[in-house]
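Peer 1: Turn these sequences into a full structure, and let the hints guide you.
Protein chains in written order, with this note's numbering: chain Y, 47 to 454; chain L, 47 to 454.
Incorrect hints may appear among the rest.
[Claimed, not checked] Heads up, simulated EDC-like pairs for lysine to aspartate or glutamate below, C-alpha to C-alpha not over 16 Å straight-line: (1) K91/L to D155/Y; (2) K94/Y to E226/L; (3) K91/Y to E226/L; (4) K323/Y to E226/L.
[As the list claims (entries may be wrong)] Derived list of chain L stretches under chain Y, where covered just means 3 residues or more per stretch with a C-beta under 8 Å from a C-beta of chain Y: (5) 102 to 110; (6) 152 to 161; (7) 178 to 192; (8) 287 to 298; (9) 414 to 420.
No wet-lab data here; the hints were simulated from the structure.
Glycine is no exception: its CB is placed at the ideal position from the N, C-alpha and C atoms.
So the chains spell out like this:
Protein chains: 2
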Amino acid sequence: MRKFILAAVAACFSLAANAQQALWSGETVVSPDIHPDNTVTFRFKAPKAVTVQVTGDFLPATLVDVPGRDMKMEAPGVANLKEGKDGVWEYTTEKPLDPELYSYSFIVDGLKVMDPANVYMNRDVASVTNIFIVSKNKGDKGDIYSVNDVPHGTVSRTWYNSPSLNMNRRLTVYTPAGYETSKQKYPVFYLLHGAGGDEEAWIALGRTAQILDNLIATGKAEPMIVVMTNGNAWQDAAAGESPRGMVPPTMGGAGTQNVKPAAFELSFPEIVSFIEKTYRVKADKKNRAIAGLSMGSFHSENISKYYPDMFNYVGLFSGAMVGDGGMGNQSSPVYSNFDSQMATQFAKKPALYYIACGKTDFVKQGVDQLRAYLTEHNYPFEYKETDGGHIWRNWRIYLSDYAPKLFK
Amino acid sequence: MRKFILAAVAACFSLAANAQQALWSGETVVSPDIHPDNTVTFRFKAPKAVTVQVTGDFLPATLVDVPGRDMKMEAPGVANLKEGKDGVWEYTTEKPLDPELYSYSFIVDGLKVMDPANVYMNRDVASVTNIFIVSKNKGDKGDIYSVNDVPHGTVSRTWYNSPSLNMNRRLTVYTPAGYETSKQKYPVFYLLHGAGGDEEAWIALGRTAQILDNLIATGKAEPMIVVMTNGNAWQDAAAGESPRGMVPPTMGGAGTQNVKPAAFELSFPEIVSFIEKTYRVKADKKNRAIAGLSMGSFHSENISKYYPDMFNYVGLFSGAMVGDGGMGNQSSPVYSNFDSQMATQFAKKPALYYIACGKTDFVKQGVDQLRAYLTEHNYPFEYKETDGGHIWRNWRIYLSDYAPKLFK
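Peer 2: What follows is the structure in structure tokens.
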């Protein structure tokens, strides 16, 4: 009797996988198949398909028309797979891929389809794509974005109360390896997402935990806490993590119109106060940094000048502006007196004012304006320029470049 | 100049979504569309498709042959969508759905395809499906599995060192709402996954954070810490979270064969010790519970009898056995002297020994054997039987039933 049961149990462990495959479409293919020379083969089993394509940021981008607007924007390239034995379609990159985290999807007879051989995905607003990482040498981008055999920090999703926004709100908090046992206090780096993002964006698309684990393990960055906020003042938490339920994520959303100008910026001290009460931190300006991408960059610029005693390190990734009125010519003390706020902030000599932007980013003109303004006023800053536009590839680079400069 | 930049920024926020849609397949459809009466409509835009089907556990299961074996197993039902206007296919359930978390996928011309209108998914081993929740009344299953407007606990992914398994290993830890500020000590519930699972299984498929948040908020369960371990002794962390990289998840895996019998069970005190050093806990038997599903149920049975002073509450969900030798007739002190280990455990009068199983579960025979054994020896236990088999629907029910019985 016992033998029978054990056999049944053992059988089930393997048959679950078998049966699933039987249901879902037959034998397993390997995809993406990253070869030793870093060329990559994509495979997709679809015996009945007429065309199978792969699209992703590993292919050269193409310019496409923006529907309804007189603009073009970069879109991921598309390559055709060829049908081989048993209905397995295949495409191999012409050249080895550079170290990077890439995203891709298949297009089967015009339909976007996830790779059934790859469970790894990222969500960017409402778009889900498969991902993979290519690395060549220790310390290259692919390596820094990977989970390596180094001590790992803890990643927590926790909630703080915001009286000013009148809700409990979700945060993602990275504490460095050793936090639990060291009894030390740590500096804190506040890291802000862009429009359409939330407190999940930096940890997933930005690979914050991997980047910090690796930079800290190799001595390139100081051990620090990283706090990834939700910068949508109308929203308590990422899509699916709030009582709003499993609603489709959007760039804006219900409630946006009820938010007062600069509500998020004005509420920021509530986050700092929660963190400094909850974690073992060094609670002074010298040990606080802020940075953000796109909308989060505007937030960082505004928060750091409106609260000039709060942050010693300021990072603006792909977004900057000069003048009053915020992004929509809004009336708020945060968006007033730009010149005097900047004068006060720089009179207090922040340790680092860091700006980064892609050469083809559509916000570059605003970034150049702020650089000119800072230069004109003799306000010191660092500037990093990279290829490409308003994309996560750049924001991971900026994070990897900025974090090592903090708290030294 | 500034106006231009603001316009460009504003434009981009909406055009990103537009352009993506243009790339990915046109206008948005709503799917799944949960109607007020809890019938549900699934929609899929595929103008060129010949057949579009939906499969999922909201449909009556069908029996299918297991390839290569003389067995049948339950498989999710399949329903056909009908093509309507603009190539949008549609299917509406015949009846309202009962409160539950459901999973589904589309099948387009024989290919499994995720729902492009739904970013919510669960991974079960290597299979990814979309999910949705149906609820009717406060306190029903759908409600208990949902994020509600109640205080939320913190969910952390953290790493502990296991000298006996010779690696750093990943844990998912739920601390209840108020943990950060209460200064109280909490009881701890160790919750173990099944074969093919890992430290992500209970938090994602099991909805542990939502279930505990809701049960604690309504006073049905005591505030407690829940520790979700990784029970694969050959593995440091879930797929994608370890230096093994983004490998396909499997039921077993490389390294399995090097693991000594009962290695995970023997290493368990390392986890308890880490938790009791790291969190504010009540560190005694009265305040420790364990439970697991399937393989994790065998683990819980074995750990609780081999360390009879450790756990006051023991939960066996869909898995139990009687006798020496473990699951594979293995030689280990953990799998020896079953009778005397059980006698010792029950002489120490655990507060609760809880067994739960589905009526059609393939492990039911082993569960019935253990129930007979316990009855024969006058060892007290509680038993809960539900419809259905070896599935997450049951494990969420057992967790919701078991957690309120702890630490009272």
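Peer 1: The structure should be examined with respect to each hint, and the outcome stated for every one.
Peer 2: A quick look at each hint next to the structure:
no.: 1; hint: K91/L to D155/Y; verdict: holds, 12 Å
no.: 2; hint: K94/Y to E226/L; verdict: violated, 56 Å
no.: 3; hint: K91/Y to E226/L; verdict: violated, 50 Å
no.: 4; hint: K323/Y to E226/L; verdict: holds, 9 Å
no.: 5; hint: 102 to 110; verdict: violated (count 1)
no.: 6; hint: 152 to 161; verdict: holds (count 7)
no.: 7; hint: 178 to 192; verdict: holds (count 3)
no.: 8; hint: 287 to 298; verdict: holds (count 10)
no.: 9; hint: 414 to 420; verdict: violated (count 1)
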